[in-house]
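Let's have the full structure, built from the sequences with the hints guiding it.
Number of protein chains: 2
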Amino acid sequence: PVLFRDDEDTFKILIATDIHLGYLEKDPVRGNDTFVTFNEILDHAQKNEVDFVLLGGDLFHENKPSRKTVHSCLESLRKYCMGDRPVQFEILSDQAVNFYYSKFPWVNYQDENLNISIPIFTIHGNHDDPTGADALCALDILSCAGLLNHFGRSNSVEKIDISPILLRKGRTKIALYGLGAIPDERLYRMFVNKQVTMLRPKEDEDSWFNLFVIHQNRSKHGATNYIPEQFLDDFIDLVVWGHEHECKIAPFQNERQRFYVSQPGSSVVTSLSPGEAVKKHIGLLHVKGKKMNMQKIALETVRTFHMEDIVLADHPDLFNPDNPRVTQAIQAFCMEKVELMLDNAERGRLGNPRQPEKPLIRLRVDYTGGFEPFSVHRFSQKYMDRVANPKDIIHFFRHRELKEKNDSDLNFGKLVSRPASEGMTLRVEDLVKQYFQTAEKKVQLSLLTERGMGEAVQEFVDKEEKDAIEELVKFQLEKTQRFLKERRTDAEEGKIDEEV
Amino acid sequence: PVLFRDDEDTFKILIATDIHLGYLEKDPVRGNDTFVTFNEILDHAQKNEVDFVLLGGDLFHENKPSRKTVHSCLESLRKYCMGDRPVQFEILSDQAVNFYYSKFPWVNYQDENLNISIPIFTIHGNHDDPTGADALCALDILSCAGLLNHFGRSNSVEKIDISPILLRKGRTKIALYGLGAIPDERLYRMFVNKQVTMLRPKEDEDSWFNLFVIHQNRSKHGATNYIPEQFLDDFIDLVVWGHEHECKIAPFQNERQRFYVSQPGSSVVTSLSPGEAVKKHIGLLHVKGKKMNMQKIALETVRTFHMEDIVLADHPDLFNPDNPRVTQAIQAFCMEKVELMLDNAERGRLGNPRQPEKPLIRLRVDYTGGFEPFSVHRFSQKYMDRVANPKDIIHFFRHRELKEKNDSDLNFGKLVSRPASEGMTLRVEDLVKQYFQTAEKKVQLSLLTERGMGEAVQEFVDKEEKDAIEELVKFQLEKTQRFLKERRTDAEEGKIDEEV
Chain Y
1 PVLFRDDEDT
11 FKILIATDIH
21 LGYLEKDPVR
31 GNDTFVTFNE
41 ILDHAQKNEV
51 DFVLLGGDLF
61 HENKPSRKTV
71 HSCLESLRKY
81 CMGDRPVQFE
91 ILSDQAVNFY
101 YSKFPWVNYQ
111 DENLNISIPI
121 FTIHGNHDDP
131 TGADALCALD
141 ILSCAGLLNH
151 FGRSNSVEKI
161 DISPILLRKG
171 RTKIALYGLG
181 AIPDERLYRM
191 FVNKQVTMLR
201 PKEDEDSWFN
211 LFVIHQNRSK
221 HGATNYIPEQ
231 FLDDFIDLVV
241 WGHEHECKIA
251 PFQNERQRFY
261 VSQPGSSVVT
271 SLSPGEAVKK
281 HIGLLHVKGK
291 KMNMQKIALE
301 TVRTFHMEDI
311 VLADHPDLFN
321 PDNPRVTQAI
331 QAFCMEKVEL
341 MLDNAERGRL
351 GNPRQPEKPL
361 IRLRVDYTGG
371 FEPFSVHRFS
381 QKYMDRVANP
391 KDIIHFFRHR
401 ELKEKNDSDL
411 NFGKLVSRPA
421 SEGMTLRVED
431 LVKQYFQTAE
441 KKVQLSLLTE
451 RGMGEAVQEF
461 VDKEEKDAIE
471 ELVKFQLEKT
481 QRFLKERRTD
491 AEEGKIDEEV
Chain V
1 PVLFRDDEDT
11 FKILIATDIH
21 LGYLEKDPVR
31 GNDTFVTFNE
41 ILDHAQKNEV
51 DFVLLGGDLF
61 HENKPSRKTV
71 HSCLESLRKY
81 CMGDRPVQFE
91 ILSDQAVNFY
101 YSKFPWVNYQ
111 DENLNISIPI
121 FTIHGNHDDP
131 TGADALCALD
141 ILSCAGLLNH
151 FGRSNSVEKI
161 DISPILLRKG
171 RTKIALYGLG
181 AIPDERLYRM
191 FVNKQVTMLR
201 PKEDEDSWFN
211 LFVIHQNRSK
221 HGATNYIPEQ
231 FLDDFIDLVV
241 WGHEHECKIA
251 PFQNERQRFY
261 VSQPGSSVVT
271 SLSPGEAVKK
281 HIGLLHVKGK
291 KMNMQKIALE
301 TVRTFHMEDI
311 VLADHPDLFN
321 PDNPRVTQAI
331 QAFCMEKVEL
341 MLDNAERGRL
351 GNPRQPEKPL
361 IRLRVDYTGG
371 FEPFSVHRFS
381 QKYMDRVANP
391 KDIIHFFRHR
401 ELKEKNDSDL
411 NFGKLVSRPA
421 SEGMTLRVED
431 LVKQYFQTAE
441 KKVQLSLLTE
451 RGMGEAVQEF
461 VDKEEKDAIE
471 ELVKFQLEKT
481 QRFLKERRTD
491 AEEGKIDEEV
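Here the protein sequences come in this chain order: Y and V. According to UniProt numbering, the first sequence is numbered sequentially starting from 1. According to UniProt numbering, the second sequence is numbered sequentially starting from 1.
These aren't lab readings, by the way, just hints derived from the structure by calculation. It cannot be assumed that every hint is accurate.
The list cannot tell twin chains apart, which means a pair is met if one copy fits it or any two copies do.
[Stated by the list, open to error] Quick list of in silico lysine-lysine cross-link-like pairs, BS3-like style, CA-CA up to 25 Å:
#	residue 1	residue 2
1	K337	K296
2	K248	K26
3	K103	K47
4	K358	K337
5	K64	K103
6	K103	K26
Given below as structure tokens:
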């Protein structure tokens, strides 16, 4: 990033992602949050007179958003994106290619019947991806109404050719690449098999600022359940990475390649995890020639979220598990903590009258060491009027004592111990791969025998059929992941308070 | 209706109703019918350069239409209703009142950001009425997108004030009144209780052409389960009556009042009943001063529908119930009939390439008199490739022998014997009223005793509490209607072939 002065050659692009319209829409306290912040985002776009808005997917939380959600979204788009301010850039690429699946395959601001002042370009996310026989998604309703431009759709599972939208403003030229959400494993495989191609303009190839927006796992969730940055072409200048909710919007250069990655993060807290407690921003991206500058804009209407951890065993002076009144002491301590967090939340408010009042509060209590959890229900009651998430303020969990015997020992207990709420899904697949790489054949077989597949594997291993082993392992993994996923769902629904 | 020449004082209004977008959308043969005809209707509007389109409700078949249906509707509206042709009339009324519940409470063609050439005004029907906490309906999605004008919403169950949209073109002034669908009994009661008021312009009251669009039962379905025409104000010039599917679009003067009623009928066959077999039209209404002229436009893309009845007992020369091969004879006769109907259907095609090929065919066979129905399933198989509704070509029914003992005898059997498919819902309520008016108290009581309510009624009757009796009868009626409705549903689903 280089500083420069805005002029008629400078694109100003508002960058945001994962707005999740309609998230918890039936919650009487939080139901309106996503709409309030969406309006704030569009208001920033309008006030900053941006050339366009670029969204990284998951504009909608539900694949089939409610009538109310679609209606509110239409209302916001019509209110903020229409108007007389002229759009200052032109499109050089073949729009019939860029928007080939649209009933109106051209950019909305060039439609003679619509007065668009802020065009929005968006890819779809995993929450609002195309489904059904006609492969429509919620974005297509808005795009058909002429209120946004949905791009980055791939219509083949065999081959993905990403054809950029070519934009020019003055002397600056942007090649805008987009790829809507695709199941990570599939896309991973397609990258590995060289089935993903980013097409480049034939002329003056190096004169373009190459901007790529993608909506996939960026952090590693299993060996092939994410997209490693190095898969992406080196000619890209900036990747806007959607899907990940933690705001890391400041462009960060990839270690091996020259491109930068900006991860805007969501504009709403959808899980009470540390990543979501990070202050939320959107970006104002300035691009001039091949130079860029990302200006962070703090979102002022996001409900404040404060999170803390307590490990009871770390306070032997305060809590003695043998004391009959220890549970009361723990509860009093937690109340004190929550009060402090509420104070912090109050101080963290940004003075925007549209910022919701009640904060999200999460206190995670590790009660390992013979302690008992107190009644979360009664505790919640006390904060009904002051906290937006009274039912899940407190999260009790216990860390299992872990014994690592040796490197080749397959310790499921350890590796799945990350709280699901942190968004860190299981890395079982990774682990098994590593295990097979280091352990002896005999140990492998005994492991698999335990799971009732010994003979079959023996046969394959004798023949050294690597693929067959992978197949078997994959089968076993899927079974395990299904099991763990079910457990996780149970845990999220409060059926299990203890983390595994 | 008076003939006159169109000029700059003439409003040209396209009249249609009950388009039922999305009806049977999953049917591989018929799924697209509603969209094809909607496009034909809008095409007529465009070609005739109408001033506006007036719809009488039930634009959508489902209260929550599918994404595909909403998308297709948006596509049609954006394609046909936007453009450069200027709208030639103005609105004199307070639009904030006319469209008070809209997020954009003004007519779409006056929105500076939208280039509307054909404004659509529509009320909602019973299929697409507002529901849910925020009282939104599917039309509001389109209205929020700026593609139509939803009016005639009432927000009170206490009092309905219908405030007209006042339109002027040259020297012609139209007061456009609308009332979206309300449960018939409730609206009936409100009319009776003088809770419905049609507001009139203060000045030059008599200079307006008063056009009222309504979506209710017009034919009598029970004593209060419809809206008698005479309830409507006499100052009205023309009522456009939605909801009823039979096309009776030619304005017909009410016998007691001076206004005319035009019943456009649906643009799609949603039940295999005689009313739906009537040729479907839309109207081109010309209004000049206080004169009007309704020009019928035959719809060319509606799937042809041919219906015939056979009474086996009417052909003693052909069918003898004692003949062991009579069933084969009946089947052969029916096949002959269906072939003739298919020929007729082919001849009835209008040459429009968009008219679907396979016709709807319905042969109703009254097999009263000791005959047996043949296998409808095997019969259907023969017409899979030639008929759009192979599964319900044949409808067997039997008329019960009716014995009328005397006038006061409550003959349920007779009065519910109308085929439900004819759209003639039960007139039980009517019947019971009549019954109570004519029968002796004692007979009433014995009837009710049979249904286990004797004592209770006795008590009330002794006290001459008319209201209480009505309450009880209502209760009993609701029970009976529920029962009959379930039976009807069963019959529609083919579980019962015999009409009761």
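How the hints compare with the structure:
1. K337 with K296: neither (31 Å within a copy, 76 Å between copies)
2. K248 with K26: neither (30 Å within a copy, 45 Å between copies)
3. K103 with K47: Close across copies (22 Å), not inside one copy (31 Å); limit 25 Å.
4. K358 with K337: within (17 Å within a copy, 73 Å between copies)
5. K64 with K103: both (20 Å within a copy, 22 Å between copies)
6. K103 with K26: Between. Shortest inter-copy distance 21 Å satisfies the 25 Å Cα cut-off; intra-copy 33 Å does not.
Consistency with the previously given hints fails for numbers 1, 2, ordered from lowest to highest.
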